[in-house]
Structure formats: structure tokens, C-alpha cells
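With the hints as constraints, model all of the structure from the sequences given.
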Amino acid sequence: MKRREAMLALEDGRVFRGEAFGADTETTGEVVFNTAMTGYQEVLSDPSYCGQILTFTYPLLGNYGVNDEDYESDGLRAQGMVCRDLCEVPSNWRSTGTLDGLLRDKGLPGITGVDTRALTRHLRDRGTMRGCLSTLSVNADELVEKARRSPRMEGLALADVVTCTEPYWWGEHGVVTTEPAADRGKPLVVVPDYGVKWNILRCLRAEGFRVRVVPGRTTGEQILALSPDGVLLSNGPGDPEPLDFAIAAARVVSQKVPTFGICLGHQLLGLAFGARTRKLKFGHRGANHPVIDRRTGVVEVTSQNHGFMVDADTLPAGEFELTHFSGNDGTLEGMVHRSLPVLSCQYHPESSPGPHDSRVWFRAFADLVAARIGQPVGGASAPSRASRAAEPVTASRTPSKKG
Amino acid sequence: MPKRTDIRKILVLGAGPIVIGQACEFDYSGTQGCRSLRALGYEVVLLNSNPATIMTDPEFADRTYVEPLIPEIAERIIAKERPDALLPTLGGQTALNLAVSLAKSGVLERYGVKLIGASLEAIETAEDRDLFKKAMERAGMRLPKSGYATTVADAVALGEQLGYPLVIRSSFTLGGQGSGLVHDRRHLREAARVGIAASPNGSILIEECLLGWKEYELEVMRDGHDNVVIVCSIENFDPMGVHTGDSITVAPAQTLTDRCYQIMRDASLRIIREIRIEAGGCNIQFAVHPRTGEMIVIEMNPRVSRSSALASKATGFPIAKISAMLAVGLTLDEIPNDITRKTPACFEPSLDYCVVKIPRWAFEKFRFTDRRLGTRMKSVGEVMAIGRTFPEALLKGWRALESNGGVLPDAVADHEREAVQHAVREPSPDRLRDLFRLLAGGDTPESLSAITGIDPWYLHQMTRITSLDRELRGATWDDATVRHAKRMGFSDRQLALRFGLAETEVRRRRIAAGIVPVMKAVDTCGAEFQAETPYFYSTYEEECEVPEATRPRVLILGSGPNRIGQGLEFDYCCVQAALELKSRGYDVLIANSNPETVSTDYDVSNRLYFEPLTAEDVLNIVDREKPIGVVVQLGGQTPLKLAKALHEAGVPLLGTSFDGLDLAENRSRWRDLVTELGLKQPDSRIAATREETLAMAEQLGWPVLVRPSYVLGGRGMRIVYERSELEDWLAREALISADEPVLLDKFLEGALEVDVDAVADGETVMVGAVMEHIEEAGVHSGDSTCVIPPFTLGDSTVAEIRAITTRLARALGVRGLMNVQYAVRMGDIYVLEANPRASRTVPFVSKAVGIPLARLAARVMVGERLADIRPAETDPRMISVKKPVLPFSRFPGEDALLGPEMKSTGEVMGRDLDFGRALAKAHLGAGDALPLEGNVLLSVRDDDKRSITFMAKKLVELGYGLVATRGTARFLSRNGIPVREVYKVHEGRPHVADLIDNGEIQLVINTPLGRASEYDEQAIRERAVAMSVPVVTTLAGAQVTVAGLEALRRGPLEVTSLQEAL
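Residue numbers (this note's numbering), protein chains in the order written: chain C, 1 to 403; chain R, 1 to 1062.
No lab work stands behind these hints: they were computed from the structure.
Treat each hint with caution, since some may be false.
To be verified - Straight-line alpha carbon distances no greater than 25 Å define the calculated DMTMM-like cross-link-like pairs of lysine to aspartate or glutamate that follow:
#  : chain 1 : residue 1 : chain 2 : residue 2
1  : R       : K342      : C       : D293
2  : R       : K342      : C       : D244
3  : C       : K281      : R       : E543
4  : C       : K281      : R       : E43
5  : R       : K80       : R       : E1054
6  : R       : K486      : C       : E88
7  : R       : K342      : C       : E5
8  : C       : K281      : R       : E545
9  : C       : K281      : R       : E625
10 : R       : K104      : R       : E733
11 : R       : K486      : C       : E19
12 : R       : K342      : R       : D603
13 : C       : K186      : C       : D141
14 : C       : K281      : R       : E733
15 : R       : K486      : C       : D313
16 : R       : K342      : C       : D329
17 : R       : K3        : C       : D293
18 : R       : K3        : C       : D329
19 : R       : K582      : R       : E542
20 : C       : K281      : R       : D333
21 : R       : K114      : R       : E43
22 : R       : K641      : R       : E733
23 : R       : K342      : C       : D125
Here it is as C-alpha cells:
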């Protein structure tokens, strides 16, 4: 099939030509690359990619099609997609459609046939930058200009864009509006939604929690009023610093109940305890990043997606034990509070996509909650090295639109 | 954890001779292992019987034993060297089996040797189907339903219970030997009989057939700290039912969602932990149901493997090197990633390209065997290709095979369609070609998927190629279309065909239009980090990553996929030359398409190009790199065949000039040269028609050696003794024309054959060694057992051979290596052929005489003079025997007879102070140990009967019993030699073949009568091969074998390392 021309223009003037797929539209955003070789559907639907145009370093995309199950939210959250070789005819027993069709349905533009390796090297060397992806125009000057005029990621409070507007519960098959009967009596985790990935909710529920998700602007006091046994500060897109409401909530809940921060949630905790965050040159996005637990020397192969990080040197001295570091660049990847039941990791223990090496974090959180409430969570035995990768992903069907 | 300090000296086991299922990938892994252990400060003792390997070059270990890989010899070495540890995981199944035997017999304990890399328990759990099954149950994994049988009757009973089709596997064998797929009771009986015989413990596994399931492999590594990483996922194009070595495979997995892939990854982590691989790597194979996603474990290998070599090349993650480092206690996070140098090895490589591996078979050499592919590996080599899309990688792989002219096959014609559709149902070496033909002819991916079980994804991707090719038919040149085709992976040759242009013209127009490839790096990380180690492939995109030139560049062309007649020996030469030139300040570039080799280790060269070895692909590299010259003389026929195109494109060849190469290659120029030099050569003719061939044969007088004009490894070559035989041969080798004539040589019956390897710089000529063949002339030199120094030739003959070699080298203007073959009969020396290039024997000679010939050649090629280098010519005390290893047991129905067509896959070397013991070691190394006692079957042609009298007496003196069929038996009896007479096959039972089957014969000496009365002989040889009884088919071979038997009975064999005085 002969496709129309499409173009990706970067703010520094470099343009990449290719063929259009997905919707006939135009978008701007921060252009980032992800090195995971599987999981494009999960990545595109991950709310943390809000505001970003995603390029995949793996060149063959769409091979196994798309299905109704592998969503991390109720839609696609990235702004657009850049590929080297889009597959027209997918093959997989779970496939219900093509990647092209999905992007078209969800109104996202895609460009294929791009020298994505050249693009990746450009972003690696010059840093992530703004871009404009168009399946309507190939006027380079005009698109570069649009890229330059688009907002920078720094200072953007994107959580407001992706958060749910009404609270919901997470049930066996996903989003439900009433408390699932099956979970009654289980310890409650409240998750303020800054762009939460559904697999975090699946993992919490699999761990034995009752899971309630509340809008991102819910205050700390409001959260505590729900009598949670623990709070999970979710992942989410963009810069943590402008999210003053979330930082305030993190400050409040972390003093009172066991609190677990993932990715953006980790950065919020850092900020709540007085540290500073900063932007990485080109971020960590992929499913092969080694993280070393400094306490044990154990290495986890992790799923990562962050453009900002907590500057370890700015954390108040002695308050946190800095437990996890990136094997690649030595940046802080995880920490545990020395006196409060608070822990957080910069990467994605729920993976999806990516290895299951880090599920121990959910158990560690459950242990904090158990200590707090004086009864085990989920009745599961203590985690062991041998079983750390053994947990299957909870299968879940996508429900209809959440509230 | 830092490296272990309780270990100082490590014994590393190699894999022995190249055989089907165990090839030079283990030289790659062993070489890496030895290098990294020495770099860590350990003393390395190496045992490997294969002289062609790079790892056995004396510089790669502290002590190198080119001795048989058997427990007795290993024990001698352990007693002598007293190593602290034994590392068996780099040497394939051979090394693993040897380690198990040494551990079980208590040798390791007795000498305090620790097994590292994999524990005995781990090896046994992975290898023993029953223990493995239990372990997998504990890990929560399902295996195919199965059961064991030790008798044919049990096998049938079990088979009926499980239901057909069934897979038969024999325990503890390599490359799936003794395994097969059966559809009915009759075939089950046959397979059970063979499998039980092939298994060291006499048992077979019969299991549920997963035909049509998708097949995957994961390469897994675990360190002593329980950190586990998956290096690579590999998806098979061919569904379950074809041995992975015979499957087209693709990396990374293409059709798995992340969810399914992670389930497989989790399973792999559980499995490597359950099997308790404490510090090393393993390969795990899975089957996945194409419609339900159900996953089953097929097997795991607790060692590096062919797949791990492929995975290393596919990802840039050096599995063998890291395995060796883990084995001595380092952990993954302590080892830097070589390619980025900044990030640690405890990560999982991310690819930004697609890798396709395609096997290469040698059925043209084994015409009488079953060509169908199954669970028993039959391929002899493979190519790997890298592209940014699947079609690009597939087409690069297709032309890298060097067996299809680099063009797509024609669409299937209507009248053939049904036959081809029928053919693709079963896996065969032709299936990829047939699929291309059917898709080009309009068959749909869905219909072909339904009959082949191949995932429709692959077939859809193939239709991208066939539809574009259809569009190109009748099209005229258009830059946009050409760019599109080049991005799809089309060769210039394919475009030339479609546009009706010469290939050179396509190249010219393409370059003029700016349609040239860029070189992209393989960097393990999808460009996330800057790559330091340069490993490149070409593709048609925007950005080229080749760095600026700083030093003079030399491009060495490798030898492409392994095949019979061209393999490891040539890679050895390329690697030696690369290392030598690198150390002398050149930027060495290597181009090769073979993932099994050492030359494609990115450590060997300054820049590695993983590319097909075609004129187009090589010229693309030359255009980018602008080397001072290209080396074509080290990689065998593959690069040599490119010499013309490179020369015509104005690319300088390093070493012997194109004219020199042509002088040796061109029959008439060569004949004239030999005549001019006043040397003898067998009378010869060139015939362009069938009639001419017959007439010329009569003129020459029988017997005549005939061959097609362009041959590799003597393909199609035959010695014919009479007219009818020649007629048969002509009928089979139908291709005769003025362009493809038949070459006829007067065959020198009863002559001795001699091989010489030399290095020359145009003036000075240094003879490496004169090798005498044990078999008389007529057996292909690659299949001959040969000896250094010559054992029957007189000193004056040897001196004359050296003198002739010198004259030939000067006349051809040789700069670099040269090999000359001679026949010696009644004091006359005949020149058979001279090849101004590396030969198969260069590594053997280098090891036997202690002179690195390929390194000297490399220095000469860049302009140094031998007179300045002045290497010492040595006169070694040790006698070295090179013995071929033949693959007949893989190819039932094939006659195990040696002839002018090369059939061996590999070789071993036996070294000792006396000839008999060196020969006995060669036999031990080759796996057909000479028997210390028992019965010898003698069956010789009338001409030879007189000559065997002495030999027969000797055998009786040594205590062997003699068995013979009527003619030979009566002849021996008449000469007073005790012998048991047995029936020929048609005379009654028990006949001679029954005796072999019953294990009553330990050695067969059978010289063939010629083509006419062969039934018995073929039956004898076939049974002997099946029962692993050594067979000697020449009189000369028989005589030295008796010398070997005599030597063996004199007492235990001693071992000597290469580093000890020669």
C-alpha cells in the first residue's frame, strides 16, 4: 500500500521524512525514544507519555497487532508515534486489530520509514527536544516553527490532563464504580491518580489490597479521610515540580500512613521531603535498565520511563536510605525512609511492558502495611529471591470507559 | 564478587573436530573463554584435538594440548598439569560429556579439580530427560508428554499409548543424533532401533509431537549472585519439528506480545534457578501453541551453544566471554559491557535491527540420503544477516548463502504449482526457495501458512518482496523505485535482471543517483549510549556511522557460511592475519556473513562488517572505507571468486595479483606454465560436449579423473574406470557446455599424494611443510589422512618437491600463501595443481611445525619481505597426523567411501614421537578409536590380496582374530593364516553385515572393487558406520592402521603440549 508523506520536524531544525499512518492530523510534543523491543500498545497507552511524541528504537512495530487487554489506561496517551517499519498485517492469537487502525481510531498521527536510529542518536547527543509530527503537511519550515512554538515540558502540570475526574475502584476485571464485593475486608490502598498505569493497580490488587483510585487533586487530608491502610503515589507525565498540590498531599500522607511512590510518585516524595528534581538529558525509557540494590548487590532488569529525576545530593541528610541506583548512569533509583513507612522507586516495578524482576517492591509495601495494621496482607508468604519473578501478570479485561 | 583466588590454573576443554551439530561456534566460544581467563590473570591449559581451531594456536593458552578429548588423555593432562579447575561449558556436548565422565570416575576429586561453569548436578539435570522433567515440574513448567524405552517392543507399546506422530530422542547425544519424527508403527520400530544404538545408555525418549507449534529460544545468563539476564530471544521461522540448527531463525522474537514474552522470560528465570546453573549461561527452548499461546519447555543446554554464538553476534553481547568470567566468580554488574564500555553487563541487549539466520546444507554431496529435515540436524553451516526490516535481513541472508546467484527464484509455473505446494508441506533445504516461488506465483500467505505451519507474519513479509519484484518486471529505471527496492533489500543483481542491465551498470546508475547504503552500528543498546566497539552492517537509510580514517585500512574477506571444503581452516587464516596486521598498526576490517566464526567476533578486527560476501556488498564497504587493499586469498573460494569483480572495479588486491590468481586458475594458462617450467603433470583434456568427453577419455586411457570445471571441495569429481561408468556420470552431471566444460585428467593409479603449504613474497619462498597422504592419489586431499614429516618419501624427493614449489611460487608471483598438490609415482613428481591462496592445511601445518604461516603471509601482503622477517624453518621432532572426520552416520543411505569428492566436515590432529602412536591418537580424536582387541574384518580386492599377507600375519601376532568373506578368507588360509570365513550378504545368514550389527567386528579393512560389485561393500560400510566401527578403505591406510594398533598395545599414550619443545 502506498502511503502519504509525513514529516517529523524538530525544534533545532532537523526534519525526518517518512510515510503517514494513523490519523490525518498534526501534533507537537517532546520527542523521546524508548528502547523496549516489545509492548508498544502498553507504552502508547501509558499516561506518563502524555505530551510526548514517541519513537521506538526497535524498528519493527505492529507485528503482533493490538488487542483489548494490553492497555495501561483507557486510551492512547502519547501524542504520536515514530517508526522505522510498520507492520500492515499482524499475526498473534490475541490480536484484534492493527496498530495503524488503533492510531487512526484514537486520532493519533504516526510516521513510518524513518531512520529512527539517526533520530535516536540525535536525541541522545543533543537531548530530548520538542517536535512537530504531521501527517497533513511536509512543509519543513512551518513544522519546525510549530515545534518551536509548542510548550516545553519543564513546568508543565500534565497530571491534570491525564488524571481521572471521579474516584473509582479497581476490581477483578478493571475499573468499577462500586467497591468490589470480593475485596471487602482487605486492607485499603488509596491511589491519587497522576496518570496511573493500570498494571500498578493490578499488582496492588494481586498483592491482596482493596484498591481505590482518586483524582490527582485530592488533598492529603481528603485521602486520609478515606482511612487508607496505605497510599500509592502514582506515576505520571512531565515535570513534578509544578504539581504543588501533589507534593503537599505526599507530605501529608507520608507522615501518617505507609506510602509507596512510583516514578513521578517517587519524585513527589523527594520534593515533599525537601529534595530537588532535575531533568535528564534524554531520560531513561526502555525495559532493559539495570538497577542495583546497594544493600544486597542484587541486580534487577527494570522497566523505566522518566525524563526527570530526584537529585540524591539534595535529599535531607540521613532521612532516607538510598537503596537503588542505576547500573548505567549511577542515578538514584530507589529509597526507603529510615523511620517512616515510606519507600519509593524511580522505575516501574509493575513493568508492563518489561521484566517482572522488581515486583518485590509491592511485597515490601505490603509488608509495611502489614506491620502497620498488625495483620498480613494477602496472606502471601514472605518474598524470596527464587520467587521474585514468578508472579504472573494478572489478566484483566478492559472495562468500558472509566469515569 | 571479585574473581576467585582459590583458582590459579584452569583446564579448558574444546569441542574437538567439526562435525554436523558442533562446528566452529565452539572455537569462537573457546577462544573468547581462553582470552578472557588469561586477561583475568589465570593460567589456562587447553585440550582440543582440532588443529584447525584458532583457540589451539599456542598464543591463546599457556599450555595447549592438541590431543584426543577422551577421559584417559584428559586424566594424563590433569596429572601432569594439576589444574585447580575444569571449565567444560565452552566446548559443546563433547566437553560436557567428557567433564561428566571425569567427575563420575573420580578423576576430578582425586586431583582436587573443581568443576566450574556448571556443576555435575546441573549438567545431569539438564541432560537426563527424567531428572529434567522432574525439575521442570518443580518449576511449574509443562514438558511434552513422554516416556522412556530401552527396547523396540517397549517403544512400540508406549508409542501406541501416546498416539502418532511422535518424536524419538536419544539421551546424551549432540545435534539431535539418534532422534527423529515418526508417523507410524513401522517407522517407530526403525527409529527406536537406531536411537537405542546411538544412546550411550541405550535408552530413548518417545514424546508427544508438537508439530506446527511456534518455536523459541532464550539465551539466559546467571551469575553467582543470582542475577539473571536474558541476552536474546530467537524465534524460529520454521515451526516445531525441525531441529533449530536446520531452522531459519530470527532475532529478536517477532510475533510475541510483551505479556507473552515476559511469561517466557519468567519461566526462563525459574528454569535456570531450578537447574542450578550457578554461574554461566544456558539456552532454553520453548514451544508456543499458535492459537492458544500455551507454552511448553522443550529443552535446555547448560552451556554455550550454536544458538548462543548466534545470539552473541546478533546482539553484540559476548556470551562465551561473560560465561568464562562468571565461572571464575565475577558477577554481571562487575563486568563492563564491551561495546558501550560505560554500562555494566547486567542488562538485556536492545536491538534496533532484525537478524535472520539461514542454514546451509550440503545435500549436493550426499545425493542418496533423505533430504527432508527433522529433529536431526543436517546442515553444515549458516549465514546471519542484519537489516532494519525483516525483508532486508532475509534478502541479505538469501544472497549471503552464495548458493542462488543472489537473485530471487522464478515464480512457480502453473504446471508445477501442485508439486511445489506438496513439497513445502515438509521442511527441506529448498523450502524457502519454494515459498518464494509460490508467493511470487500468487499463493496467499494464509494458504501457505495453513500447509506449512509457518506463522503468517513471515509469509506476509515475504510477499512484500515478491510483490515488489512483480512490480519491477517490465519496469524501467526510476530512482524512487530503485531506492525503495534497495531499502527492501534487493540486490543489484536482482535489479539488473529486472531492468535488463549489467550488474555493474546498476551499480553505476545507483551511485550516480546517490542511492548508496549507510553503515550502522550494532551496539547492544538501541543507540541509547555511544558505542565504542565498532560492529557494522549496511542499510539504506540516512546516517552513516563509520568513523574517519586515522590509519591505513586493510579489508580481509572471510569465507562465508561453512560448507564441506570451506570452513574453520579459512577462518583461522583470516583471524591470524587480522590479529597480525592489527598489531602492526593497520585498521583491519573484516567482512563475513558467518555467525559461527571467530572472525566475526568484534574483538578480532578494528571494524567488523556483518555482510553477505558478494561483489556488491564488498564494494559498498570499499566505497565507505577506502582501504589500501582487499585480502582475498585467506577465506577460500568465496573471496577468491570476488577477485575478478573487485579487480575490474579498480580495487587493489593485497598479495598475489589478480593475474597470478588467474594464471593458476585458468586451465590452459596453467598447463602452459607447467610445461614451460619443464615439470610433469598428468595428461589432461577439456571437453565441451558429451561425445567429446567420451572420446577424450579413450584417448587418455582409463582410469580417468573427471570433474565439472568450477568445483569446490571436489564436487562432482569422480575417477572412472570404464566407458559405462563415465556415461553414468555424464548422465548425472548433465551441465556440460562450452562455458561449463568437463575437465579430464589421466588418473595416476597407485600414486602417492603430497601437499605443500608455502609462503612467498615474490622472491623468497618458505615451505611450511611437505605433507604425505596416507591414502593414495584419488582421495580428495581434504579427506586424506596426512602426515608431517613425510614417512615414506625419500629425502631427495622431498628436496625436489621443495625446489619445484619454489619455482612455481616465483612463476605465479605469489605474495602470500600457496598450496601445491603433487602425485609421486615411481620416483616421478607430477604437479596436480597449485593454488595461490590459503589452504585447508595451513592451521595444521602451522601447529605441526610451529610457524604461523598466515601471519607471515599477512606481513608479506602489506609489503614486508621474508628476507627481512627471516622466520626460522624448523625440523620438528614430533610426528603430526591429520585425520578427517566424516559425517556418514548423519546420512543414512550414503556410501561411506572416500573418493575425489570431499565429504569430511572436520579434522583432528594426533602428535607423538612415533608415527604409530600419532596415528592412534588421531583415531582416538576422530572418535573411531582403534580397538585394542577383537576381530578384524578383511575384504580386499584381488590386486591387494598379496599385499595384505604381511599385515594379516601381524594382526594375528598382535592377538586379533581375522574374519573374511570367501575370496579373501581362502587366500589367507592358503597362506597359512588363521581366519574365520563368513557369508556375503546374499549368501545366507549370519552374514558379514549381521556380524557387524552383533558387535563381533571391531575393525573393518575393505578396499573397494570398483563400481560394479558394490552391494556387499556398501552394506558393510554402512553397518560399520552405524555401529561406530572404524573402516579403512585403502591399502595404504590399512598398513598404517596396523602400525597404530601395534603402537597402542605398547603402553599408555603420553601427552605433549604445543608449548613444549617441538
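Evaluated hints:
A C-alpha spacing of about 19 Å is found between K342(R) and D293(C), which places the hinted pair at or below 25 Å, so the restraint holds. Distance hint between K342(R) and D244(C) is unfulfilled; the C-alpha atoms sit about 37 Å from each other, more than 25 Å. Our distance criterion of 25 Å between C-alpha atoms is met by K281(C) and E543(R), whose separation comes to about 22 Å. Between K281(C) and E43(R) the alpha-carbon distance is near 44 Å, which puts this suggested pair outside the 25 Å criterion.
With a C-alpha separation of about 10 Å, the suggested pair K80(R) and E1054(R) falls inside the 25 Å cut-off, and the hint holds. Using a Cα cut-off of 25 Å, the hinted pair K486(R) and E88(C) holds, with the two alpha carbons roughly 20 Å apart. Distance hint between K342(R) and E5(C) is unfulfilled; the C-alpha atoms sit about 39 Å from each other, more than 25 Å. Between K281(C) and E545(R) the CA atoms are separated by roughly 22 Å; this keeps the pair inside 25 Å, and the hint holds.
Restraint check: the Cα-Cα separation between K281(C) and E625(R) comes to about 33 Å, which exceeds 25 Å; the hinted pair is violated. Using a Cα cut-off of 25 Å, the hinted pair K104(R) and E733(R) is violated, with the two alpha carbons roughly 53 Å apart. At roughly 17 Å between alpha-carbon atoms, K486(R) and E19(C) fall within 25 Å of each other, so this suggested pair holds. Using a Cα cut-off of 25 Å, the hinted pair K342(R) and D603(R) holds, with the two alpha carbons roughly 17 Å apart.
Distance check on the hinted pair: K186(C) and D141(C) sit about 58 Å apart at the alpha-carbon level, beyond 25 Å; violated. For the proposed pair K281(C) and E733(R), the alpha carbon gap of about 66 Å is over 25 Å, so the pair is violated. Distance restraint check for K486(R) and D313(C): the Cα-Cα separation of roughly 52 Å exceeds the 25 Å cut-off, and the hinted pair is therefore not satisfied. The straight-line distance between the Cα atoms of K342(R) and D329(C) is roughly 8 Å, inside the 25 Å bound, and the hint therefore holds.
A hinted pair counts as satisfied when its Cα atoms are at most 25 Å apart, and K3(R) with D293(C) qualifies at roughly 21 Å. Restraint check for K3(R) and D329(C): satisfied, since their Cα atoms lie roughly 24 Å apart, inside the 25 Å limit. Our distance criterion of 25 Å between C-alpha atoms is broken by K582(R) and E542(R), whose separation comes to about 30 Å. As the CA atoms of K281(C) and D333(R) are separated by approximately 24 Å, the hinted pair is consistent with the 25 Å bound.
Between K114(R) and E43(R) the alpha-carbon distance is near 15 Å, which keeps this suggested pair within the 25 Å criterion. A threshold of 25 Å between alpha carbons decides the hint, and for K641(R) with E733(R) the separation of about 22 Å falls inside it, so the pair holds. With a C-alpha separation of about 16 Å, the suggested pairing of K342(R) with D125(C) holds against the 25 Å cut-off.
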